[in-house]
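Go by the hints and put chain H onto chain B.
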Amino acid sequence: MWRAIRALVQKEFLQVFRDPATAVQVFVIPVIQLLILSNAATFDVPRAGLLVVDEDRSTVSAQVIDRLDGSGRFRVVGVTPTEAGVEQAFLDREARAVLRIPHDFARDLERTGTASVSFSVDAEDGAAAGILQTAAMAIIGDAARAVQLSRGGAAAVTVRASPPVEVRGTLWFNPTRNYKHFMVPGLLVSLTSIIGLLITSQSIVREKELGTIEQLNVTPLTRTQFLAGKLLPFWILAMVIFSIGMTVGVFVFDIPTRGSVPLVFASAAIYLVVVLGIGLFISTIARTQQQVMFVAFFLLLLFLLLSGIFTPLESAPQWAQWIAAANPVKYFVFIMRTVLVRGGGLAEVGSTMAGLAVAGVAVMTLAVRQYHKRSE
Amino acid sequence: MSDDPRPSAFSASTPAGAAGRDDAIVLHELSHAFGDVHALRDVSLRVHAGELFGVIGPDGAGKTTLFRIVTSLVVPSQGSAQVLGLDPVQDFRALRRRLGYMPGRFALYTDLSVLENLTFYATVFGTTIEQGMRIIEPIWRQLAPFSDRRAGALSGGMKQKLALCCALVHAPDLLVLDEPTTGVDAVSRVEFWELLGRLRDGGLTILVSTPYMDEAGRCDRVALMQEGRVLAIETPAAMAASYPLPLFAVRGHDRLAMLAALRASPHAESVWPFGEVLHYTDTRREVQPGALAREIGELLTTRGVRDVEVQPIAANVEDVFMRMAQTPHVAPGQERAA
Numbered sequence: 001m002w003r004a005i006r007a008l009v010q011k012e013f014l015q016v017f018r019d020p021a022t023a024v025q026v027f028v029i030p031v032i033q034l035l036i037l038s039n040a041a042t043f044d045v046p047r048a049g050l051l052v053v054d055e056d057r058s059t060v061s062a063q064v065i066d067r068l069d070g071s072g073r074f075r076v077v078g079v080t081p082t083e084a085g086v087e088q089a090f091l092d093r094e095a096r097a098v099l100r101i102p103h104d105f106a107r108d109l110e111r112t113g114t115a116s117v118s119f120s121v122d123a124e125d126g127a128a129a130g131i132l133q134t135a136a137m138a139i140i141g142d143a144a145r146a147v148q149l150s151r152g153g154a155a156a157v158t159v160r161a162s163p164p165v166e167v168r169g170t171l172w173f174n175p176t177r178n179y180k181h182f183m184v185p186g187l188l189v190s191l192t193s194i195i196g197l198l199i200t201s202q203s204i205v206r207e208k209e210l211g212t213i214e215q216l217n218v219t220p221l222t223r224t225q226f227l228a229g230k231l232l233p234f235w236i237l238a239m240v241i242f243s244i245g246m247t248v249g250v251f252v253f254d255i256p257t258r259g260s261v262p263l264v265f266a267s268a269a270i271y272l273v274v275v276l277g278i279g280l281f282i283s284t285i286a287r288t289q290q291q292v293m294f295v296a297f298f299l300l301l302l303f304l305l306l307s308g309i310f311t312p313l314e315s316a317p318q319w320a321q322w323i324a325a326a327n328p329v330k331y332f333v334f335i336m337r338t339v340l341v342r343g344g345g346l347a348e349v350g351s352t353m354a355g356l357a358v359a360g361v362a363v364m365t366l367a368v369r370q371y372h373k374r375s376e
Numbered sequence: 001m002s003d004d005p006r007p008s009a010f011s012a013s014t015p016a017g018a019a020g021r022d023d024a025i026v027l028h029e030l031s032h033a034f035g036d037v038h039a040l041r042d043v044s045l046r047v048h049a050g051e052l053f054g055v056i057g058p059d060g061a062g063k064t065t066l067f068r069i070v071t072s073l074v075v076p077s078q079g080s081a082q083v084l085g086l087d088p089v090q091d092f093r094a095l096r097r098r099l100g101y102m103p104g105r106f107a108l109y110t111d112l113s114v115l116e117n118l119t120f121y122a123t124v125f126g127t128t129i130e131q132g133m134r135i136i137e138p139i140w141r142q143l144a145p146f147s148d149r150r151a152g153a154l155s156g157g158m159k160q161k162l163a164l165c166c167a168l169v170h171a172p173d174l175l176v177l178d179e180p181t182t183g184v185d186a187v188s189r190v191e192f193w194e195l196l197g198r199l200r201d202g203g204l205t206i207l208v209s210t211p212y213m214d215e216a217g218r219c220d221r222v223a224l225m226q227e228g229r230v231l232a233i234e235t236p237a238a239m240a241a242s243y244p245l246p247l248f249a250v251r252g253h254d255r256l257a258m259l260a261a262l263r264a265s266p267h268a269e270s271v272w273p274f275g276e277v278l279h280y281t282d283t284r285r286e287v288q289p290g291a292l293a294r295e296i297g298e299l300l301t302t303r304g305v306r307d308v309e310v311q312p313i314a315a316n317v318e319d320v321f322m323r324m325a326q327t328p329h330v331a332p333g334q335e336r337a338a
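Same order as they appear, the protein sequences are chains B and H. Every letter in the first sequence is one number past the one before it in the numbering used here, and letter 155, counting from 1, is 155. Every letter in the second sequence is one number past the one before it in the numbering used here, and letter 207, counting from 1, is 207.
So here's chain B without its partners, still in its complex pose (with noise of 0.2 Å):
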């Protein structure tokens, strides 16, 4: 019984590390992805081009102008004394962002305290335009009241923009924001899914192409031998990704292990049960290395969208996190989050690996019984 499984997986190596493509796919190019995406997959906002339309062109406006510029928020691209030009600005993506300063803003501002000004932001993406959109309020904000101040006397008494509790946050888990801590282990539980689910899918069907189940079939081998014989191997080497990704993770981009790694690595354990038997079972309905790709890609797809990695799931609708509910990344993703950036155990994770293990029994069994060694 072992002795046949052991001759798989044996096999499985020696047809893994005889093909140095295939060497270099599964280790090389997991940590530079890792590498590359970790830093470009970002939710920071860079500094914005901002076109300023300063009608007022006072010693005011020239103030807030230069606060802007100075915010590390904005850059500003251009000052204009009229609108012309403005909506060219944005189509040619050169501003993503106008203010225009109407002609009596210092007026209005020295005599009632008050003035406004208009602010348009391109929102083509949504959370970035916010983003900015609070930043320049609090910097013009800003401006208005130094300019207030620096009159000193009697109007800085009675204009008092800032209100008078101010309210301080404190930033629980990710105190520096730091975008990495939360998005690295993201990536890594993708990049370990995406290799896991395709090195798996292909592996059986890659067998009936080629012709060498018509051998394997006539063996004495069973069934739960044969899938055994393949998900071993690859679960191996999902799991050396695996640490790989947590050594540079944790090496590299600083990722807190606040948690017990060993759960961590007992979580993965379980977790890839799942993936990879998603991907025997894909393989022993499909006929041919090409259908397997397009299902492979379209579950992956699927799975990292709804796992919480890049959105929160949160906001999804109902009939999304009804799906998501299914998908076993979603709970790996939190397993990796809950221990290693919040310190939670066992029991903030335990059951959710429970569930991942009776996900795991439940889709090998199925993929053991969908593999045929015959044919009616």
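Check the hints yourself; a few may be wrong.
Example chain B residues on the side facing chain H (calculated, C-beta under 10 Å, incomplete) [to be verified]:
| no. | residue |
| --- | --- |
| 1 | 14 |
| 2 | 373 |
| 3 | 374 |
Calculated pairs, BS3-like style, for lysine-lysine (alpha carbon to alpha carbon, straight line, at most 30 Å) [claimed, not checked]:
| no. | chain 1 | residue 1 | chain 2 | residue 2 |
| --- | --- | --- | --- | --- |
| 4 | H | 159 | B | 208 |
| 5 | H | 159 | B | 11 |
| 6 | B | 11 | B | 373 |
| 7 | B | 11 | B | 208 |
| 8 | B | 373 | H | 159 |
| 9 | B | 373 | B | 180 |
Simulated from the structure, these hints should not be mistaken for laboratory data. Positions of the beta carbon are idealized from the N, C-alpha and C atoms, including for glycine.
Frame of chain B, contents of chain H only:
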């Protein structure tokens, strides 16, 4: 996992479909359809233990389906099969331990070396190369110099020998080979048949298929198949001798003119091009072959064909097949009493 349930007792009489003492394979009225395509129709045959049995027929005759049923890979739509005393549908697990199968398509791992492939199959069958060496030694001797070469880099003939080694390493009682010589060069084909002959001499039962009629003579008995039916089962010699009409090899400078002239003859049963020559079958079995040959020669010469040469010849299996294939229901595909 389980013991070999070898057949030990047989009833005194062996009704149709039951295995006799010396039968390795008994197929009884086997039919199989893939959807609307009838791959096999009412196939009955017996392969005796220790026999080199050939199934001969063109592509699409149903040979592969037949072999896949025998090797437990396909469950037949109708009919029964007994292989080594076991039912390939019920006892497939026990059967697979005692069976060596070489599929028509090279089915070993091209990215593994010769030795790695053999080790893998030995292990999967729960044995070792050392234990299997008793059987595979004559073949392995030729492969050993390439043991580190990847299977994909072997020549066609060497690939077949490796596949044969992998199918034999567990010392099966029955070897099933689906078109092992297709796509193999002429020299390797001859070598391969000699290997099979030697394995048969060692007591192994072999079921082999081929589309090449000229290979029929290598078998102890052959079954001719066409369109899912067995046309005849005979020894190659008996099959050739069964040709009922005078047959001639005809040569001349213009094959097309000869073909037209002979086909137009009122006494022609058939005319087939066989490489350089034509095989002509005359319907007049009562006339002396020599006299017929002279008459045919004269006929062709008067039609302007030069260098005409007509020789009475003995039929080969291909002649028999061509004749049966033309009139499939002339010859009932019945087996001689064993």
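What are the numbers of the hints the structure violates, in ascending order? 9
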